[in-house]
Amino acid sequence: MAWVTPKINWTKTDRINYADYNRIKNNLAYLRDMAGQLYQEFNITVDPDKDKYSLWPYPSEINRLEENLETIRNHTYPFTTGQRRTYYGNVPTIDWQELDRLESACKLIHDNLQGQAEGKRRLSFRLGGLRGL
1345 MAWVTPKINW
1355 TKTDRINYAD
1365 YNRIKNNLAY
1375 LRDMAGQLYQ
1385 EFNITVDPDK
1395 DKYSLWPYPS
1405 EINRLEENLE
1415 TIRNHTYPFT
1425 TGQRRTYYGN
1435 VPTIDWQELD
1445 RLESACKLIH
1455 DNLQGQAEGK
1465 RRLSFRLGGL
1475 RGL
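Sequential numbering from 1345 applies to the sequence shown in the working numbering.
By construction, these hints were calculated from the structure, which means they are not laboratory data.
Since the model is a prediction, treat every value here as computed from it, not as a measurement.
Keep in mind that the hints are not guaranteed to be accurate.
Below, in silico cross-link-like pairs of lysine-lysine (DSSO-like), each with a Cα-Cα straight-line distance of 30 Å or less [as the list claims (entries may be wrong)]:
#	residue 1	residue 2
1	LYS1396	LYS1351
2	LYS1356	LYS1394
3	LYS1451	LYS1356
Let the hints inform the model, and build the full structure from the sequences given.
Here's what the structure looks like:
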């Protein structure tokens, strides 16, 4: 999966749709893969993509996004990503402020992991390169 720039300017009139859900879910999967290269491997639960004919994301799917973000935080660096919320059926679901918090947290973790990957120490010479001389 490829990193897709998160939407970090949610407004009060914005509502989540299938494309937003897929972007957040796939960005979390990308972060897990990226973190696996820098830290010890760990797993998150990744649901299948939704299409335009799917229903809106269920509260359990939104909760899984929250769980995945928390898992990534716990296995990398304890970034400040705001208060984790739990959603239930038949009550108001995720709002624009929580969506902005989720996507801003993804961007924060991505930028930090990318900086760690770029700043990794590398040897400036090749070991065993002059064998046989």
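Comparing the hints with the structure gives:
1. Between the alpha carbons of LYS1396 and LYS1351 the distance comes to roughly 19 Å, so the proposed pair stays at or under 30 Å and holds.
2. For the given pair, LYS1356 sits about 23 Å from LYS1394 by alpha-carbon distance, which is consistent with the 30 Å threshold.
3. Using a Cα cut-off of 30 Å, the hinted pair LYS1451 and LYS1356 holds, with the two alpha carbons roughly 20 Å apart.
No hint from the list above goes unmet by this structure.
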